[in-house]
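There are 2 protein chains.
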Amino acid sequence: MANPIESDPHGFRRRGVLFVLSSPSGAGKSTIARKLLADEPKLSMSVSYTTRAPRPGEVDGRDYHFVDVDRFREMASNHEFLEWAHVFDHRYGTPKADVFHTLSEGEDILFDIDWQGAQQLYQLAGGDVVRVFILPPSMAELRQRLERRATDSPEIIEGRMARAEREVSHWDAYDYVLVNDDVEECFRSVKTILAAERLKRSRQTGLIGFIRGLIK
Amino acid sequence: MANPIESDPHGFRRRGVLFVLSSPSGAGKSTIARKLLADEPKLSMSVSYTTRAPRPGEVDGRDYHFVDVDRFREMASNHEFLEWAHVFDHRYGTPKADVFHTLSEGEDILFDIDWQGAQQLYQLAGGDVVRVFILPPSMAELRQRLERRATDSPEIIEGRMARAEREVSHWDAYDYVLVNDDVEECFRSVKTILAAERLKRSRQTGLIGFIRGLIK
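Protein chains in written order, with numbering that gives the first Met the number 0: chain L, 0 to 215; chain C, 0 to 215.
Only chain L is shown next, with the shape it has when bound in the complex (with noise of 0.2 angstroms):
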């Protein structure tokens, strides 16, 4: 039996969704976007331009375009990127022309971006974007998981937590807000989520041939 929420079941071409996924860290996002990946062939990552070095093992043009800040800054004030930020000292930021591209050949692409990045993305792409929102069942529980992953500093496990509050106090700016107290039944929600976005007659851009045909 086919999985029951799949979408584009009678083939049409469609334009792709621009999902955004954001959280504050700890909340359970990666997860949902691994399995996401992993369960979803039609939907990918974009390749960001960034100033960073590679880092081992990563490949120009598959994990990132590496490149220098001079070459960034022009593609910024081009106006070529969807979205970009500045990270711990490093700039980041999404080709619009790529995004676009990925779009038009009905292949969707997530986003793991704040609600500033969200809204970045909101603003060149509105019709394109689903932004959904993941919140952690409680600060308590958030903390209990920063704590258990051990990789983080009490300090820095500080400055996480005031930044999560900061990014949940931006709730009201997602389409989808859904709250991961179990990761399966989360994932389930993402993926109807996307599969009913994938439905919509916005982004059915084969059924007006279809419509045509039946009554020509």
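These are calculated hints, taken from the structure and not from any lab test.
Don't take each hint at face value.
Reference excerpt, derived from the structure (chain L facing chain C, CB under 8 angstroms, subset only) [what the hints assert, rightly or not]:
| hint | residue |
| --- | --- |
| 1 | Leu134 |
| 2 | Ser188 |
| 3 | Ile192 |
| 4 | Ala195 |
| 5 | Arg200 |
| 6 | Ile214 |
All figures in this text were calculated on a predicted structure; none of them were measured in a lab.
Positions of the beta carbon are idealized from the N, C-alpha and C atoms, including for glycine.
Put chain C on the given structure of chain L with help from the hints.
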């Protein structure tokens, strides 16, 4: 295991969905509506007002609110209907107050109306409305389905076919358009749409209380 396309996973208070299913006669909407009502305890049909006489077995207040023409006209001029229509010499209207009360209680309402009804509804209840249009796989298939019923004369079938073409031409007045070439698959898609729409932030009225508790 719970139904994989279950919504309301966190039991937050939410505002109901005003769920419109339209299709040309014979495209399978009634079957899907029946399956949906049987499968979704939070979904029901609204009880309309009508000027036609009760049929045997029909109960006032359950099947319809039966009123005379003067009372119906009075209600219409008082803007008490969300939408109303003239069908074969009788009037049918959807009571606004009842519908909004039901939505505020977190219950969804199914509407089996045409594109004009959907348009009226959207004008008065915009954000609450989700409009789904169900297409037949082809007009030849639609004709076969109408002929297979063997209840209608050839003239009535011709009339239905002409009406179907007009209906289909309004496909772009809907949020979602599905092709019913497999009733189970089409039903699954309708369930997916309803589940995702219930998860929309704008309907999760209980979320704000949860957020306040989270970052108090």
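Verification of the supplied hints:
1. Leu134: holds, 7 angstroms
2. Ser188: With a minimum Cβ separation of about 6 angstroms from chain C (threshold 8 angstroms), the hint on Ser188/L holds.
3. Ile192: holds, 5 angstroms
4. Ala195: Holds: closest Cβ of chain C sits about 3 angstroms from Ala195/L, inside 8 angstroms.
5. Arg200: holds, 5 angstroms
6. Ile214: Cβ of Ile214/L sits 5 angstroms from chain C, so the hint holds.
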